[in-house]
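Protein chains: 2
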Amino acid sequence: MRPDHAYQELIRLAREETVLASCSDLLEWDEETFMPRGGLENRAEQMALMAGILHDRGSDPRFGDLLGRVEGSDLVADPESPAAVNVRELRREYERERRLPKALVEESARVATMAAQAWVDAREARDFTPFAPWLERIMALARDEADAVGFAETRYDAMLEDYEPGMTTSRVTALLDGLKRDLVPLVAELTTPASVPAHVLRREFPIDRQKLFGEAVASTLGFDLERGRIDVAHHPFCTTLGPGDIRIAVRWHRRNFALGFFVLLHEVGHGLYDQGLDPAHYGAPMGEAPSLGLHESQSRLWENMVGRSLGFWKQFFPRLKNVFHEALHDISLDTFRQVINRVAPGANRGRADEVSYNLHIVIRTELEQAMLSGDLPVRDLPGAWNEAYRRYLGVTPKDDAEGCLQDGHWSEGMIGYFPTYALGNVYAAQLYDRAEKDLGDLEGAFAEGDFSGLLGWLRDRVHRRGQRWSAAELVERATGSPPTPGPLLASLRRRYGRAAAPAVG
Amino acid sequence: MRPDHAYQELIRLAREETVLASCSDLLEWDEETFMPRGGLENRAEQMALMAGILHDRGSDPRFGDLLGRVEGSDLVADPESPAAVNVRELRREYERERRLPKALVEESARVATMAAQAWVDAREARDFTPFAPWLERIMALARDEADAVGFAETRYDAMLEDYEPGMTTSRVTALLDGLKRDLVPLVAELTTPASVPAHVLRREFPIDRQKLFGEAVASTLGFDLERGRIDVAHHPFCTTLGPGDIRIAVRWHRRNFALGFFVLLHEVGHGLYDQGLDPAHYGAPMGEAPSLGLHESQSRLWENMVGRSLGFWKQFFPRLKNVFHEALHDISLDTFRQVINRVAPGANRGRADEVSYNLHIVIRTELEQAMLSGDLPVRDLPGAWNEAYRRYLGVTPKDDAEGCLQDGHWSEGMIGYFPTYALGNVYAAQLYDRAEKDLGDLEGAFAEGDFSGLLGWLRDRVHRRGQRWSAAELVERATGSPPTPGPLLASLRRRYGRAAAPAVG
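Residue numbers (this note's numbering), protein chains in the order written: chain A, 6 to 510; chain F, 6 to 510.
Keep in mind that the hints are not guaranteed to be accurate.
Below, computed lysine-lysine pairings styled on DSS-like, alpha-carbon distance capped at 30 angstroms [as the list claims (entries may be wrong)]: (1) Lys-326(A) <-> Lys-216(A); (2) Lys-216(F) <-> Lys-216(A); (3) Lys-107(A) <-> Lys-107(F); (4) Lys-216(F) <-> Lys-107(F); (5) Lys-185(F) <-> Lys-403(F); (6) Lys-185(A) <-> Lys-403(A).
Okay, the calculated bits of chain A under chain F, using three or more residues with CB under 8 angstroms as the criterion [stated by the list, open to error]: (7) 50-56; (8) 129-138; (9) 230-244.
By construction, these hints were calculated from the structure, which means they are not laboratory data.
C-beta atoms are modelled at their ideal positions from N, C-alpha and C, and glycine is treated no differently.
So here's chain A without its partners, still in its complex pose (with noise of 0.2 angstroms):
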């Protein structure tokens, strides 16, 4: 076969592949959303089954045969076209794959689904003991998987491989040991003073109302709802059914205004990225983001740097008082900005402000390797997490609950995955940064309701480029800088020291 047609069959494949990874997606959607409590046990089967299947698919040594017969060819002689990014990137994930036993994928798949169901038990109950056979079985599979797929220096590598390709666990140390060094006293330097008034945010805020502003404000970033949705779930995510099929899951909260907008900025920079992908290689890895740190970078920015910014409420603001008149009458911007930029170290990852979320990220991060290792049993993990929010945020879970078992991810054997939430805050500060030097005053453009400047500078530097090179890499050529905490903590003194002075102007 010659190279050109053996390069056209995979790309089929992979997109046949990926096409049915988005069937597996909507189980997953629907499983969150809107399925049944009885539809439990027979979705862990479709998800198990399903898992069987694309492994099959990507496991198929015909796949390994094509890659060959392109590898080498003058397709891939440039090692930044298309074809080359794509060959690199499928013959990548098909080496994982083929290591993988179908077993343990899909016994891996069905222990997702039913241990998520249990975490939401244990949780409910607030007590860790029912959930950690879970937990140890999660942690058994994760090393099963290290084992099979091979690792540099250790089963973590493995891990992080899976969500952040390139990524290793020293370099993610490092990274981590820089912010928690500075976060530390910076936490306890810029904590807000009691006098900024955050119950005012804890007023009645109806809920179809936050609904249809929060839908009008992603609109006006840019996501465009005839290609996706915004639904309701326990816990928000952003999901890609397809290239024209984006869909963000939110939780609102009558009487918590902030928490419930903010998630959405966050999943609309989720879903900003996913629209913004080259549906031309829809399947494909040029298609793809290259990591979920660079995801994460997306959903951050607008989050934080957009979302919490002086600029964006100037446009805001004024609408926002227009709909909750009676919960904002006799608030003033200035005001209201203090309090979305307030800084107080709690127990709640996803409650946390955006000065303390880091150190939350380091403490998940340090537990899950001990557990992976071994260093830490399963069943002392309670008394390990209270110790470490003890140490490094200076607060203590009042119970499992509050503790532990806040966050879902080790439930569904999502192992690995944390430090991506940090090294996409990270990413997003030099990337923030660039645009900024690159397009200039980007409030400006924010209080005049214009965000497609910089959407524009994401779409043409991160969205488009698909899996071109690593997201370290990616950062680097983007930003002139490989990936360093230095910018983020700089913004964080500049943004957050500034939060608490007055506005001017």
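Dock chain F against the given chain A, drawing on the hints supplied.
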């Protein structure tokens, strides 16, 4: 391989195929309820891919091999044993499947998804013309399908066999002719006088309250909302995504209470059937309904025989009046009952009264037979449709949207499906008569809010029987008579003759 081992493997594969098909059903459910418009093309790809995978599995020669090892063994000596039933029906399905070329299956799935959207567009434009090429394509695919699977007398036999196994065109024609002959004069005779104030159900009925009332009724009838859901879709349906996940979709109308409510009862009837199937046999023929006609008998029974009865409303009318006080405060139970039992022939099947309903089915069945055979060119459908409506129902649709574009079934490739609606009515009348003979005063129980006697009878005589017998045979065994139009016609005469008169007691 020993027969018992072969049988276990067969059941495992059948179950796996059902689980996979339920993934495909979720894609359809989502398409009808929540999918954004931009998701359409990818959805067509997803459906085609899943159809191909299902076909590969369903036509795998290994399946035929396993069947061969069980057939003739002691395991299936008793033809009514679950094993014998499963093997018989799996053989039937396998023989159909293996005769279908994969390309035809995939193409049919793709065309169905795209044509369904083309139909929505044509209907909005109220013009059949742009939809005609799609319907031609669908008829051509149906002919290919009939030729591939084979048939005894006419291609339409092959279409029927997919929805109503064991039924033939000549038998359907005889049943429909029997109905037609009597119904044309009966509709004229029973048409409700204009003095019955139908407009009272077109007052204001807030949708959120319809939804709550509907869910409460569904629950009282026995529909388990922990193992199912009720959503909103443009076109009502019921689908089973797993033994504990049975979903209804309906459509509420702010100013037409009866339309939304009876559609709900109809879908609840389907849902009760699926919730009553034996979960131990999930995925095998013994855990499935033998035909769509029998399925429809359950929806029509709950919608009409139960839901339009005086006993039912003795229970629910006081609650209804409470919920919709403004709309109903001046309406008596007797007036309400007359209104919901109004006979008024019109152009629309979905809004048809129970007496004229089957004439809508006769028209569709005759026209689809004529298009399939080629006697009626697809482009001539609108004229033929309108002519049939004049002849049988004395009405003329004002345009194609009100005429031949009113139903989406053909756009989804469902040729041979419509007669199952009339069969359902025929079966329902016979089953309800028998249940009444066995259980005594059903309406007395309904008036007390007790539907468990009837549901238990249906569970035992219908739901739990799975595919042990064909629908016609099940009806004969349960009622003592093969399917025949007499009981339905008698039931209509009895109930609608009575409906015009004031209620007693």
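Structure-based check of all given hints:
{"no.": "1", "hint": "Lys-326(A) <-> Lys-216(A)", "result": "holds, 15 angstroms"}
{"no.": "2", "hint": "Lys-216(F) <-> Lys-216(A)", "result": "holds, 21 angstroms"}
{"no.": "3", "hint": "Lys-107(A) <-> Lys-107(F)", "result": "holds, 26 angstroms"}
{"no.": "4", "hint": "Lys-216(F) <-> Lys-107(F)", "result": "violated, 42 angstroms"}
{"no.": "5", "hint": "Lys-185(F) <-> Lys-403(F)", "result": "holds, 24 angstroms"}
{"no.": "6", "hint": "Lys-185(A) <-> Lys-403(A)", "result": "holds, 24 angstroms"}
{"no.": "7", "hint": "50-56", "result": "holds (count 4)"}
{"no.": "8", "hint": "129-138", "result": "violated (count 0)"}
{"no.": "9", "hint": "230-244", "result": "holds (count 6)"}
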